[in-house]
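Chains A and B, in that order, give the protein sequences. Its first residue numbered 1, the first sequence is counted upward by one per residue in full-length UniProt numbering. Its first residue numbered 1, the second sequence is counted upward by one per residue in full-length UniProt numbering.
Please note that the accuracy of each hint is not assured.
Claimed, not checked - Per label pair, the in silico range of CB-to-CB distance:
hint: 1; chain 1: A; residue 1: Gly17; chain 2: B; residue 2: Phe63; range: 44 to 54 Å
hint: 2; chain 1: B; residue 1: Ile26; chain 2: A; residue 2: Lys104; range: 49 to 59 Å
hint: 3; chain 1: B; residue 1: Ser131; chain 2: A; residue 2: Lys62; range: 18 to 28 Å
hint: 4; chain 1: B; residue 1: Ser131; chain 2: A; residue 2: Arg134; range: 24 to 34 Å
hint: 5; chain 1: A; residue 1: Pro91; chain 2: B; residue 2: Phe163; range: 39 to 49 Å
hint: 6; chain 1: B; residue 1: Pro71; chain 2: A; residue 2: Glu53; range: 51 to 61 Å
hint: 7; chain 1: A; residue 1: Glu86; chain 2: B; residue 2: Phe63; range: 48 to 58 Å
hint: 8; chain 1: B; residue 1: Tyr64; chain 2: A; residue 2: Glu86; range: 42 to 52 Å
Unchecked claim - A few chain A residues facing chain B, derived, Cβ under 8 Å:
hint: 9; residue: Leu52
hint: 10; residue: Ala56
hint: 11; residue: Thr75
hint: 12; residue: Ile80
hint: 13; residue: Tyr82
hint: 14; residue: Phe84
hint: 15; residue: Glu86
hint: 16; residue: Asn88
hint: 17; residue: Tyr101
hint: 18; residue: Gly102
hint: 19; residue: Gln106
hint: 20; residue: Ser295
hint: 21; residue: Ser296
In case anyone wonders, no lab produced these hints; they're calculated from the structure. Values in this document were obtained by computation on a predicted structure and should not be read as measured data. Backbone N, C-alpha and C fix where the C-beta goes; we use that ideal spot for every residue, glycine too.
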Amino acid sequence: MSVRADIHARFKLNYAGFALDVDLNLPSQGVTALFGPSGSGKSTLLRCIAGLERAAGSLTVKGEVWQDETHFLPTHQRPIGYVFQEANLFPHLSVKANLNYGFKRQPHRHDGFSLDEIVDLLGIAHLLDRKPERLSGGEKQRVAIARALAVNPRLLLMDEPLAALDLARKREILPFLERLHEALEMPVIYVTHAANEVARLADHLVVLNQGVVQSAGPLNETFSHAELPQQASDAGSAIIEARITGLQPQWHLALAGFEGGELWIRDLSFHVGQTVRFQVMARDVSLALTADHSSSIANVLPAVVDQISDGDHPGIAIVRLKIGKNYILSRLTQRSLYSLGLSVGDSVWAQIKSAAIVE
Amino acid sequence: MFSDGNWAAILLTVKLASIVTLLLLIISTPIAWWLAHTRCRLKSFFEALVALPIVLPPSVLGFYLLLLMGPQGVVGQITQALGIGTLPFTFAGLVVASVFYSLPFVVQPIQLAFENIGENYLEAAATLRASPLDRFFSVAMPLALPGFLTGSVLGFAHTVGEFGVVLMVGGNIPGVSRVVSVQIYDYVEALEYGQAHSLALTMLLFSFVILLLLYTFNPNRRTR
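Given only the sequences and the hints, what does the whole structure look like? Please build it.
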């Protein structure tokens, strides 16, 4: 995945007890997730990009200077769409009037989506005449996303759009976000602290911690960094994007091919050529020095040990493996690591017990 | 039911209160907006200044306004230089005095309404391409509407009820400054209790109905 750095952001901000200091190049395509624990500065960074927060620094988007030492483009002149954590729908306006608010203020009315397309994309046609107070949390957030799209933005900013919702509402909205991901050509910057949202939606990942960028890059590579807090735990995992290359209907299995190998996964009515994202849990990956095809594990791939780090328990090690251009993680005991005699650069066989489609 | 003199007083009172309320809405809106959004350290100072007429005896306010607007006062000098003459004992002077007197009753509800909106809706409007002025008229004003209603009703009612300031600044001139409250005072002085009653009772009912409407229909109170 090549990254064209068309968004360049450099911000410095000092509050009492909090400092933001970032220098980032972000791609102008796909979804970039700003990921980190609360207080890591990810929302503040997004607000700086929107011009809602005034930090020292500079911001250039696709060649346009939005902020530098002498200029500061106010929020209402930036071609952005912004989805807040709370939907912030105007309570005195109907859903339709909320959508129209931005639609009639957009500068170039003809080259974007029509309101009908947006309404259709988010499935809110039946809500148009309602007042926001009569919407559920999930409906509010869908309207808020539609409203942000109605201004025909060139950059869509989303600040934890699912954080205020319960699990059922999250499940209701995620498919719409995935549809957006497919339908939109504009870049999206998505703030979240939920690893599963990153796994499902992001193409590019920026990990923030205490106001500084810990790592940034394409999703598979960045997400599999063992330094990420959750990777040391039992929930550690890697995300691989693959294409369905074959099916075995009698076993209900599908073959998912990616750079460096292929894996059999459960067939969820896939068709050949379809792009899928699956998650490989670190605890489902064991290592062997020779290819052992006698066990029940069907997926055995050649890999190179890329990095070895400590798990969240003194008896546990996390091994990052490189398979082609992709990375996966393996969680094993320190004793196994010792008895295999593994060190960085060694070739091993990764036995993958199962790979689950991200959902 | 009312004599000609009483009708004149009622008409004058309504005219005064209407003009004052209209002026107050225009003057109070920017003051309330500034007070609601400023992080200036002088905020408390200006809030106290605006609130002064609530606690000040009307005679004190009237006295200083009289001095200011009189021939030797700063305002008086300016109005004289402009060829308007001096303001005390004129209807215009009464309007100016009443604006000061009723200012807090209009500023405070509007300020509170602006503060209750918070920044979220205004930020959302900014991300939807609305300029600051556009945001004010399309988001802040409609959301603060209950505050504007409360402010105008209170401003109107409070102006109708003023007495001390009128007496100090306006005197007791029929058609110019003899408003209902002054008229009642005159009747009592002359021991015409029947006439005093008809006006006083009207005022009592008017004030009660105004407050009743305010408490019944204020949308802020209903939704919270």
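So, going through the hints one by one against the coordinates:
1. Between glycine 17 (chain A) and phenylalanine 63 (chain B) the C-beta distance comes to about 52 Å, which sits within the given range of 44 to 54 Å.
2. Distance hint check for isoleucine 26 (chain B) and lysine 104 (chain A): the Cβ-Cβ separation is about 28 Å, which falls outside the suggested range of 49 to 59 Å.
3. Checked against the hint of 18 to 28 Å, the pair serine 131 (chain B) and lysine 62 (chain A) passes, with Cβ atoms roughly 23 Å apart.
4. Between serine 131 (chain B) and arginine 134 (chain A) the CB atoms are about 30 Å apart, so this pair conforms to the stated range of 24 to 34 Å.
5. Our hint of 39 to 49 Å for proline 91 (chain A) and phenylalanine 163 (chain B) holds, since their Cβ atoms are close to 41 Å apart.
6. Restraint check, proline 71 (chain B) to glutamate 53 (chain A): a C-beta distance of roughly 55 Å satisfies the suggested window 51 to 61 Å.
7. Look at glutamate 86 (chain A) against phenylalanine 63 (chain B): about 51 Å separates their beta carbons, and that is inside 48 to 58 Å.
8. Taking 42 to 52 Å as the suggested C-beta distance range, the pair tyrosine 64 (chain B) and glutamate 86 (chain A) conforms, at roughly 48 Å.
9. Satisfaction of the interface hint for leucine 52 (chain A) is found here, the shortest Cβ-Cβ separation to chain B being roughly 6 Å, below the 8 Å cut-off.
10. Contact between alanine 56 (chain A) and chain B, as hinted, is not supported at the beta carbon level, the nearest pair being about 19 Å apart and thus beyond 8 Å.
11. Interface restraint check: threonine 75 (chain A) against chain B, minimum CB-CB distance 4 Å, threshold 8 Å, status holds.
12. At about 6 Å, the closest approach between the beta carbon of isoleucine 80 (chain A) and any beta carbon in chain B falls short of 8 Å, and the interface hint on this residue holds.
13. Among the interface hints, the one on tyrosine 82 (chain A) holds; its C-beta lies about 4 Å from the nearest C-beta in chain B, closer than the 8 Å criterion.
14. Here the hint on phenylalanine 84 (chain A) is kept, as its CB sits about 6 Å from the closest CB of chain B, short of 8 Å.
15. For the restraint placing glutamate 86 (chain A) at the interface with chain B, the shortest Cβ-Cβ distance is roughly 7 Å, inside the 8 Å limit, so the hint holds.
16. For asparagine 88 (chain A), the shortest C-beta to C-beta distance to chain B is roughly 4 Å, which falls under 8 Å, so the interface hint holds.
17. Residue-level restraint check for tyrosine 101 (chain A) holds (minimum Cβ-Cβ distance to chain B is 6 Å; threshold 8 Å).
18. Because the smallest distance between the Cβ of glycine 102 (chain A) and any Cβ of chain B comes to about 4 Å, under 8 Å, the interface hint for this residue holds.
19. Taken as an interface hint, glutamine 106 (chain A) checks out: its beta carbon lies about 6 Å from the nearest beta carbon of chain B, inside 8 Å.
20. Interface restraint check: serine 295 (chain A) against chain B, minimum CB-CB distance 55 Å, threshold 8 Å, status violated.
21. Residue-level restraint check for serine 296 (chain A) is violated (minimum Cβ-Cβ distance to chain B is 54 Å; threshold 8 Å).
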